[in-house]
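Student: Sequence:
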Amino acid sequence: MVAALTNESATSKSVYFAHCTSEMIFITHLLTEEPEKLAGPLLADTYVTLLKGRNAWYGQMLAKGELRPDMGDSIKGKGMIQ
Numbered sequence: 001m002v003a004a005l006t007n008e009s010a011t012s013k014s015v016y017f018a019h020c021t022s023e024m025i026f027i028t029h030l031l032t033e034e035p036e037k038l039a040g041p042l043l044a045d046t047y048v049t050l051l052k053g054r055n056a057w058y059g060q061m062l063a064k065g066e067l068r069p070d071m072g073d074s075i076k077g078k079g080m081i082q
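The numbering used here puts the sequence shown at residues 1 to 82.
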C-alpha cells in the first residue's frame with residue numbers, strides 16, 4: 001500500500017512517514033498505559049520498519065556496499081541516519 005501511495009519516491013515516503021508517525025504516536029499514547037516507554041527511537045524504529053522508510057534505504061545501501069560505516073551518519077542529499 002505504501003509503495004502504491006508514494007510511487008516508490010523517497011521524498012513521498014518521508015512525507016507519508018511524518019504524517020503517519022504523528023498519528024501513530026497520538027494513538028499509541030491513547031491506548032498505552034505507559035506511553036513514555038514507547039517514545040523516541042523505539043517507536044520510530046518500529047514504524048520505520050513497518051513503512052520501509054529512509055532508514056531501510058540506508059540498510060539496503062550498506063548491504064550493497066554503496067555506503068560504509070566509516071562514511072559517518074550523515075549522508076549528503078539524504079541527511080542523518082536515525
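Simulated from the structure, these hints should not be mistaken for lab results. Small disclaimer: the values here were computed from a predicted structure and weren't measured. Do not take every clue at face value.
As the list claims (entries may be wrong) - Label pairs and their in silico Cβ distance ranges:
id, residue 1, residue 2, range
1, ALA10, GLY65, 36 to 46 angstroms
2, GLU33, MET61, 35 to 45 angstroms
3, HIS29, MET71, 27 to 37 angstroms
4, MET61, LEU30, 31 to 41 angstroms
5, ASP73, THR21, 26 to 36 angstroms
6, SER9, GLU66, 17 to 27 angstroms
7, HIS29, LEU62, 11 to 21 angstroms
8, GLY59, ALA18, 27 to 37 angstroms
9, THR11, MET71, 13 to 23 angstroms
Built from N, CA and C at the ideal position, the CB exists for glycine as well.
Student: Which constraints among the numbered hints does this structure fail? Numbers only, ascending.
Tutor: 1, 5, 7, 8
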